[in-house]
Amino acid sequence: MSDDHNVTVDLRGLVCPEPVIRTKKIFENNLIERVEALVDDEVNVQNLSRLARSIKVGFQTKPDGKYHRVVLERSSGGLQPENIVETQPQTSTIKEERNSTVVLITKNTFGEGDQEFSEHLLNIFLQTMYDSGHRPRSILMANTGVKLMGPNSPFAKVLDDFQKAGCDVLACGLCVEYYGLKEIVPKEQITNMFAICEYLDAAGKVITP
Amino acid sequence: MTESIGNKQLLTVNSRTSGCSAKISAAELNAILSDLPKPICKELIAGITNFEDAAVYKISEELAIVQTIDFFPPILSDPFLFGQVAANNALSDIYAMGAKPIFALNVLSFPTCDYPLDTVKSILKGGLDQMGKAGAILAGGHSIQTPEILYGLAVTGLINPRKVLTNGGARPGDSLLITKPIGTGIALIGLKAESLSAKGQKVLMEVLTTLNDGLLPHLERFPIHAGTDVTGYGLAGHLHEMAKASGLACKLNFSKVPLIPEVSQLANEGLVPAAAYGNRNSFQKWVSFKEGIELAHEDLCFDPQTAGGFLLAVENEKAEECCAALSKTSMTAAIIGSFEEGQAGYVEVYP
Numbered sequence: 228m229s230d231d232h233n234v235t236v237d238l239r240g241l242v243c244p245e246p247v248i249r250t251k252k253i254f255e256n257n258l259i260e261r262v263e264a265l266v267d268d269e270v271n272v273q274n275l276s277r278l279a280r281s282i283k284v285g286f287q288t289k290p291d292g293k294y295h296r297v298v299l300e301r302s303s304g305g306l307q308p309e310n311i312v313e314t315q316p317q318t319s320t321i322k323e324e325r326n327s328t329v330v331l332i333t334k335n336t337f338g339e340g341d342q343e344f345s346e347h348l349l350n351i352f353l354q355t356m357y358d359s360g361h362r363p364r365s366i367l368m369a370n371t372g373v374k375l376m377g378p379n380s381p382f383a384k385v386l387d388d389f390q391k392a393g394c395d396v397l398a399c400g401l402c403v404e405y406y407g408l409k410e411i412v413p414k415e416q417i418t419n420m421f422a423i424c425e426y427l428d429a430a431g432k433v434i435t436p
Numbered sequence: 502m503t504e505s506i507g508n509k510q511l512l513t514v515n516s517r518t519s520g521c522s523a524k525i526s527a528a529e530l531n532a533i534l535s536d537l538p539k540p541i542c543k544e545l546i547a548g549i550t551n552f553e554d555a556a557v558y559k560i561s562e563e564l565a566i567v568q569t570i571d572f573f574p575p576i577l578s579d580p581f582l583f584g585q586v587a588a589n590n591a592l593s594d595i596y597a598m599g600a601k602p603i604f605a606l607n608v609l610s611f612p613t614c615d616y617p618l619d620t621v622k623s624i625l626k627g628g629l630d631q632m633g634k635a636g637a638i639l640a641g642g643h644s645i646q647t648p649e650i651l652y653g654l655a656v657t658g659l660i661n662p663r664k665v666l667t668n669g670g671a672r673p674g675d676s677l678l679i680t681k682p683i684g685t686g687i688a689l690i691g692l693k694a695e696s697l698s699a700k701g702q703k704v705l706m707e708v709l710t711t712l713n714d715g716l717l718p719h720l721e722r723f724p725i726h727a728g729t730d731v732t733g734y735g736l737a738g739h740l741h742e743m744a745k746a747s748g749l750a751c752k753l754n755f756s757k758v759p760l761i762p763e764v765s766q767l768a769n770e771g772l773v774p775a776a777a778y779g780n781r782n783s784f785q786k787w788v789s790f791k792e793g794i795e796l797a798h799e800d801l802c803f804d805p806q807t808a809g810g811f812l813l814a815v816e817n818e819k820a821e822e823c824c825a826a827l828s829k830t831s832m833t834a835a836i837i838g839s840f841e842e843g844q845a846g847y848v849e850v851y852p
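Respectively, the protein sequence lines represent chains X and U.
Start counting the first sequence at 228; every next residue gets the next number (this note's numbering).
Start counting the second sequence at 502; every next residue gets the next number (this note's numbering).
Pulled out of the complex, with its shape left as it was, chain X reads as follows (with noise of 0.2 Å):
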């Protein structure tokens, strides 16, 4: 859907900086009011925000199968590039007065028993610790740990509070890709033994329920 002022462009398969090139220089012309362009990946997304952010435009974007769908608008409605959370890193990785303590979290249980129990009370354990304030500088999870991550896990809410609250939470590539969970677990919360022993050795404590 190409008109006067809409210009809609297929940068896949470009090498770095052709997509931010071809995109300025569309806009360029001012009667161009919006490009909506494809891209192969996430870093061209971050690329084109930046030149979103630099000529003034409004960003937006979705992924789109395995490609990305990228919006730049002139005019407002889309959304300003001030906004756009996840181009702005974790500034805060390290705060002096944030808990050292590590929760790792090996197994989808609290302690052996009847499965689906264990579950619920590994639950129950996560949640009365954020209520009473505890937040630690990051939960880890690793082999069947992993299985906790995804939207639709009944730990999805108290994960994400604790993700809010500043605390990384983490899991374990390996153990994403053995256990199949690649596609509902997001990439930035996939890290590697590596990181792992790196947070293990910093804690000032290691819970591991």
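Derived by calculation from the structure, the hints in this document are not laboratory data.
Where hints are given, some of them may not hold.
[Claimed, not checked] Result set (SDA-like, lysine to any residue): computed pairs, CA atoms no more than 20 Å apart in a straight line:
no.: 1; chain 1: U; residue 1: K559; chain 2: U; residue 2: F572
no.: 2; chain 1: U; residue 1: K539; chain 2: X; residue 2: M420
no.: 3; chain 1: X; residue 1: K414; chain 2: U; residue 2: E529
no.: 4; chain 1: U; residue 1: K752; chain 2: X; residue 2: A429
no.: 5; chain 1: X; residue 1: K414; chain 2: U; residue 2: I533
no.: 6; chain 1: U; residue 1: K791; chain 2: X; residue 2: G393
no.: 7; chain 1: X; residue 1: K409; chain 2: U; residue 2: E529
no.: 8; chain 1: U; residue 1: K539; chain 2: X; residue 2: N419
no.: 9; chain 1: X; residue 1: K252; chain 2: U; residue 2: F572
no.: 10; chain 1: X; residue 1: K414; chain 2: U; residue 2: A528
no.: 11; chain 1: X; residue 1: K414; chain 2: X; residue 2: A383
no.: 12; chain 1: X; residue 1: K409; chain 2: X; residue 2: D268
no.: 13; chain 1: X; residue 1: K414; chain 2: U; residue 2: A532
no.: 14; chain 1: U; residue 1: K622; chain 2: U; residue 2: F572
no.: 15; chain 1: X; residue 1: K409; chain 2: U; residue 2: N782
On the provided structure of chain X, position chain U as indicated by the hints.
Only chain U this time, still in chain X's reference frame:
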């Protein structure tokens, strides 16, 4: 298939990444290496463990050999210049250990069907030119046919084992020095986008082709406790490696960091190499940006460097004097931060 302009084929056309941007990310490398056995050998005094720039193997109490290998796809369309830069980048790893390079072997993969043989000759001539400047000789090499061009060197150097400069060894209170401006990854993307001015290009070429040998005369004169060269992991990544290996935290004052002209503006416009995002993913857990640091400055901290300058931990009392001396033998020299007691490996970036 190769794109051509007139009769001149563009060297960089098949390169999806460039220079140190072509490195496998630290996070991926850790995942690959974590299961492999680590060598245990008392003669190996620097190696895989602390992500050192080169391996150092002790032959006797007085002598150690230093060995490194480094190669990458074309970052520039001029083959001679590309050869110079690739060789410079490889030689730099030897200097980064405080050693002097003595000889090198070429590492080459080249599609002889797609490009004239003169192109590959020029690449090798560029490499030889740089080795000549370093006083190292070419002793051989290995070449194969591949669809993508790759060039670099395996370099051997010599050092007294007691004088090896490693990532670890920085002491609390040490000043942090740098000897070249930052921003080659972003500037190279800017060059590819034809958005880098003549002035910016001049500084970029100077960074890429200046030898890092300017450190050697000062190693004996000043209390330099640790050092590395800034390459693929970017400023923040290499500072993390130094701080971690030294068991200290690092404070970086971004306003003091020398930059290649225009790189902040280029980063603002989205001309950021993919590997900078890879570095961000690998290292952001260890980096804290204080209020006032712009997104472009963060990108510059993660920007992968090719043939970057040195990062040195120098005793605070002697830092000014060392900086003045280094500025005479290096491209530039600046004090950009310090090492402090704190969580090992953490890098705090102040505006």
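Hint-by-hint comparison with the structure:
no.: 1; hint: U:K559 <-> U:F572; in the structure: 25 Å, violated
no.: 2; hint: U:K539 <-> X:M420; in the structure: 16 Å, holds
no.: 3; hint: X:K414 <-> U:E529; in the structure: 14 Å, holds
no.: 4; hint: U:K752 <-> X:A429; in the structure: 18 Å, holds
no.: 5; hint: X:K414 <-> U:I533; in the structure: 18 Å, holds
no.: 6; hint: U:K791 <-> X:G393; in the structure: 16 Å, holds
no.: 7; hint: X:K409 <-> U:E529; in the structure: 16 Å, holds
no.: 8; hint: U:K539 <-> X:N419; in the structure: 18 Å, holds
no.: 9; hint: X:K252 <-> U:F572; in the structure: 34 Å, violated
no.: 10; hint: X:K414 <-> U:A528; in the structure: 13 Å, holds
no.: 11; hint: X:K414 <-> X:A383; in the structure: 16 Å, holds
no.: 12; hint: X:K409 <-> X:D268; in the structure: 17 Å, holds
no.: 13; hint: X:K414 <-> U:A532; in the structure: 15 Å, holds
no.: 14; hint: U:K622 <-> U:F572; in the structure: 17 Å, holds
no.: 15; hint: X:K409 <-> U:N782; in the structure: 17 Å, holds
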